[in-house]
Amino acid sequence: MTAPGGLPTEYGPLVGELGRRAIERRQPVNGTFELTERCNLNCTMCYVRQPAGHAALRAGELSPRAWLELTLQAMENGMVFLLLTGGEVFLRPDFFEIYTPLTRLGLLLTLFTNGTLITDAIARRLAEAPPSRTEITLYGATAATYEAVTGVPGSFGRCLAGIEALRKYRVPLGLKSTLTTRNVGELEAMRKMAAAWDLPFSAAWLLTKRRDQAPCGVAGCRMSAAQCVELEATDRASASEWRERALRGAPSENEKNFYCAAGKAAFVVNSRGEMSPCLDLIQPAARPLESGFREAWQEVQAFVDSAPPLAPLCRACEVRDYCPRCPAFSVLETGSLSEPVPYLCEIAHARKERYGPHSE
Amino acid sequence: MKHKTDCMMQNIAGENLLVPLGARVLDLNGLMTLNETAAFIWALLDQERTLDELIAAVAERFEVPSAVARADIQTFLAEITRLGLLEE
Ligand code: SF4
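Quick note, the sequences are listed as chains A and B, same order. In this text, residue positions in the first sequence follow numbering that gives the first Met the number 0: the first is 0, and each later residue adds one. In this text, residue positions in the second sequence follow numbering that gives the first Met the number 0: the first is 0, and each later residue adds one.
Read the hints as simulated data drawn from the structure, not as lab findings. From a predicted model like this one, the values you see are computed outputs, not experimental measurements. Treat each hint with caution, since some may be false.
[Said to hold, decoys possible] Partner residues are not named here, just some residues of chain A that face chain B (Cβ under 10 Å, in silico):
#, residue
1, Leu-13
2, Leu-17
3, Ile-22
4, Leu-67
5, Gly-77
6, Arg-103
7, Leu-104
8, Leu-108
9, Ala-126
10, Ala-128
11, Pro-129
12, Ser-131
Heads up, the beta-carbon is just placed ideally off N, CA and C, and yes, glycines get one too.
With the hints as extra help, turn the sequences into a complete structure.
Structure (structure tokens):
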């Protein structure tokens with residue numbers, strides 16, 4: 000997946016460098032449109048999780064015309080990368096009315112989907128002007144586990160059919176997984192599935208609470224901090240990154256509260272047309288279709304620029320270099336943009352234990 | 000000659016990139032950056048141009064001798080021909 004609020008990394012160091020320069024210039028190069036919050040699956044750990052048939056949400060979703068208008072304005076202000084995500088984007092019967100015009104503008108498009116609604120006809124149509132990348136999330140390597148996570152019988156088979164259809168039409172594809180206590184035992188099997196298809200695979204396991212603050216079952220889905228760090232070590236790239244960082248003893252990048260591209264080179268517009276710095280944050284809910292993109296982008300930047308500094312506890316923290324906290328995580332867990340998140344403190348300590356100077 | 004219309008030039012923080020459009024996404028792996036001269040030639044090729052027109056425009060814009068302009072143009076044309084981005 001893309002780094003939250005960051006640029007897609009699959010184009011390599013060039014894009015990484017351009018991303019840094021875009022941040023300096025405050026060019027909103029990286030947009031995300033959340034076309035719907037509704038989804039046909041019902042995963043307990045999901046941070047959005049709205050039912051497919053939610054009529055009020057559906058009625059509030061922007062029209063294809065509004066998305067196009069927004070895209071044109073965003074491009075005038077420098078957007079080049081655009082991620083389309085949900086919810087589940089293919090729940091929108093007018094998906095191609097939104098998508099097709101966007102493929103003619105010179106954007107680098109990415110699509111996130113669960114794959115379960117992708118038919119042969121949809122895959123064929125996508126292949127006519129495919130996104131630079133499509134990412135499908137796998138919730139398990141067997142029907143029993145996958146469907147225990149998604150809560151929908153038959154969804155595993157439909158996901159596999161979606162993957163096969165995209166492969167058939169050569170639509171650029173990558174797989175990823177969101178790991179929970181339920182499916183973590185199938186991580187290796189999922190890696191093998193991806194390798195057998197010759198598809199890239201990545202996994203994520205830092206689960207957040209729901210964005211709308213509704214009660215959620217995420218606590219029961221999260222692995223312990225020790226387990227998270229154990230898992231991370233099975234991914235060679237992130238393990239060597241932590242080892243290298245410990246060796247370098249480099250000062251942490253997260254001196255500032257907002258240390259990523261969110262609100263500096265990246266923005267999100269949700270299904271109602273409200274703009275925020277990242278998918279996990281609903282503030283400041285600027286209204287680009289009413290105020291114009293430029294003004295909304297300024298409001299989002301001002302929100303990020305006026306965020307409170309790190310909390311005193313974080314500022315003095317000796318494991319901060321190993322900590323994955325960000326303002327969005329703090330908001331979801333504590334309601335404040337800067338408070339420490341105890342679960343992440345545990346992970347930071349476990350990482351330092353593993354990779355830090357005393358670990359040899 | 001002119002360039003095909005299934006690629007578009009975009010700018011990120013002052014750098015010019017060629018972004019594929021439509022089904023072209025399937026053949027172009029990654030992004031191509033254009034230096035100032037290449038971006039200038041690409042923009043000229045929005046319309047039909049002869050080699051001599053390109054040479055004259057590049058020589059004037061960058062204040063270089065025609066021979067230098069010709070060499071730069073030919074390198075760039077070879078590259079976009081290899082990528083299938085030039086109209087025959
Ligand atoms: S480990 Fe805890 S106290 Fe330390 S920086 Fe992270 S959230 Fe703050």
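Query raised in the report: Among all the numbered hints in the text so far, which are the ones the structure does not match?
Result: Structure breaks hint 4 only.
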